[in-house]
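Chains as they are written, first to last, in the working numbering: chain P, 3 to 289; chain S, 7 to 415.
Do not take every clue at face value.
Which residues of chain S face chain P? A few of them, derived with a C-beta cut under 7 Å, are [said to hold, decoys possible]:
id: 1; residue: R186
id: 2; residue: Q187
id: 3; residue: T280
id: 4; residue: G285
id: 5; residue: T413
Far from chain P, some chain S residues (derived; all Cβ distances over 10 Å) [what the hints assert, rightly or not]:
id: 6; residue: M96
id: 7; residue: D163
id: 8; residue: S371
Just so you know, the hints here were simulated from the structure itself, not pulled from any lab data.
Glycine is no exception: its CB is placed at the ideal position from the N, C-alpha and C atoms.
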Amino acid sequence: MSLSRRRKLLPWWFALPGLLWLAVFFAIPILNQVSVSLMSGDPEVGFKLTWSFSTYWDAIRDYHAQFTRSIGYAGAATIIDLIIAFPLAYFIAYKAGRFKGLWLLLVILPFFVSQVMRTASWQLILNDDGWLVARMQDVGIVSGDGRFLATGKAVIFGISYNFLPFMVLPLYATLDRIDRRLIEAASDLYCSRWVAFRKVTVPLAVPGIFAGSLLVFIPACGDYINSSILGSSNTTMIGNVIQSKFLNVLDYPTAAALSFLLMGVILIGIAIYGRVLGTKNLTELAG
Amino acid sequence: MREDDARAQSALERALDEQVLSGRSSRRRFVGRTAGAALMAGGLASVLSACGISGTAQENVAELEKAAATVRHPKVPIGDWTFSNWPLYMDKSVLKTFDKRYGGKVKYVEDINDNNDFFGKVRQQLTQDQPIGRDIVVLTDPMAARWVRSGFVTPFDPRNVPNRKNLVENLRTIKYDPKRQFTLPFQSGAIGIGYDIKATGRELKSIKEFFNPEFKGKCTMLSEPYDSASSVLIMQGKDPATASIDDMLGAIDFIEKAAGKGQFRRFTGNDYTTDLTKGNVELVLAYSGDMVQLQADNPNLRFAYPEEGAVTFTDNLMLPANVAHPYAAETMFNFLYEPDIAAKLCAYINYISPVEGIRPILEKSDPDIASNELIFPTDEIRGRLKVYPSLSTREEQQMYEAMSKVTGA
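Isolated chain P (complex conformation) (with noise of 0.2 Å):
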């Protein structure tokens, strides 16, 4: 072989593990899981492969309004990350000094407890009677004498609190990156720390926002433990739907169509949300 075609090959030797990975991990799960939304039967006689794509069409016509409420779920948290983390990480990257280390170890220190205990104790702490409730009564968020949990709201805040470290690190390792001689040049062409603050660092941390949506909206849309434990029947999300088709009611293609139809959701949303804020128009937006 001459060297430059073993030049050439090298970069796929490179890749390989990675490949293989992808490959057993994801492309035959996948793959499988396609055959599988395609059959029909039950779980008695079995399930063949009789290419039924109608449980797509009855999959959208029965579970359209989880999916709109899970879509809404996770944007509404996701937007709710985005003005906590932003804030929290740019008070990181430029005002923590030394105790940096300190604050992303607080960050990602929930992350030690798994999710369910951590969600299970919200609901502790947000019982009706609970001091918390009271205050979201004073300030209006919850009616005088309504309740927090079983509704809406709780799950939105689940995922919210959930999600948020997912915010904040992109976030935080964007701005972090930024190189502060160019807010110095801004401020020296007579811009005040606002109009520098908008122009510069806002866009240059675009790459985080993004990054930082991404992995707060995704995992969100199929979440389903805030929902089955902060939540009740008017808020089951589609991870739900596909948890009790696949768990509860053995309905395999339903269950694997529902999750090709999110994953598709999901992936034109974020072609839509890449062509608006995705890095190729970094500087665009940064002009």
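Keeping the supplied structure of chain P fixed, place chain S upon it in accordance with the hints.
The following block gives chain S in isolation, referenced to the frame of chain P:
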């Protein structure tokens, strides 16, 4: 006293037996069997088995029975082996005693939170005839029945479990395992009315209270239809043991109508405990054992066996198919059926024990437990206990599908 106890226990078991064994060969079942036979005759069996489907339930059971007749698990030294069970369902000191006495080390995992979830986890291996890496699993009646029907169990060697003679009389046989060759009861419990008497201001006795507008938004319902729909059937004066799938669907429909009006705050698994203890709800459809444990912290919490009758269930010890350490598992079966050990376990987990003769032991060691009617129901209560309906896998699917619509998923 011991005799009284035995008599009371056997009354319960007889009642359970009659309901379970009342040999209902319904039309639906008959049709199912005939269809199965027709499939076989048509030579489709080979096609089905090629698709990884292992034939009909009867074939599986027949095969298991054959295996049970010749089962022999020789005594071997006990090494490391695995016991899968539900959370909060074991006194860990019992396990330590076991290890000390028999050697080896039991790896005890609390990874069964829900029959269906657990089945989903191991289904793939079971259908492909692979070991599931566990030597004992504990599953509730309908799921245990499904495993037997599907041939997912290993018969246990009765010679290694002489203490099975201590099994209370009424549980000695059950429809899906008439000779108890594959399953051995671990604990039983009942489903009834859990409430906070301080909040309700009065005693509650009827399942009808769950549909009383007074408790609108202040009660929870179990999302498991075997539990909730069976309870509703009892309320309607029907016996769930002989209920058909249509009866169950009717009961689910009844629950749906109430749910649509906002009657239930949530549909729950065991997690109703948080809502009840935190005062978010006043009334919960509850499991008896949970309520004994909750009462220890809050004496205002009550559990009532509904006056119309209560659903009772049994969780069963089983050896999964292709079990690696059957002797160790059977030794544990035998150990758990020693009255002293069973009494210790009962005092700890507070469910209804299937082991005869533990009450006199508890009267000495834990008189409170021995006199608790949630753990040792009175004769009068035993007379009101009903068992789950027996449904085919397909009917179960129909039932879960209907219930999932009600719970929003």
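Status of the hints after comparison with the structure:
{"no.": "1", "hint": "R186", "result": "violated (25 Å)"}
{"no.": "2", "hint": "Q187", "result": "violated (23 Å)"}
{"no.": "3", "hint": "T280", "result": "holds (5 Å)"}
{"no.": "4", "hint": "G285", "result": "holds (5 Å)"}
{"no.": "5", "hint": "T413", "result": "holds (5 Å)"}
{"no.": "6", "hint": "M96", "result": "holds (20 Å)"}
{"no.": "7", "hint": "D163", "result": "holds (30 Å)"}
{"no.": "8", "hint": "S371", "result": "holds (34 Å)"}
Checked against the numbered hints above, the structure violates hints 1 and 2; every other hint is satisfied.
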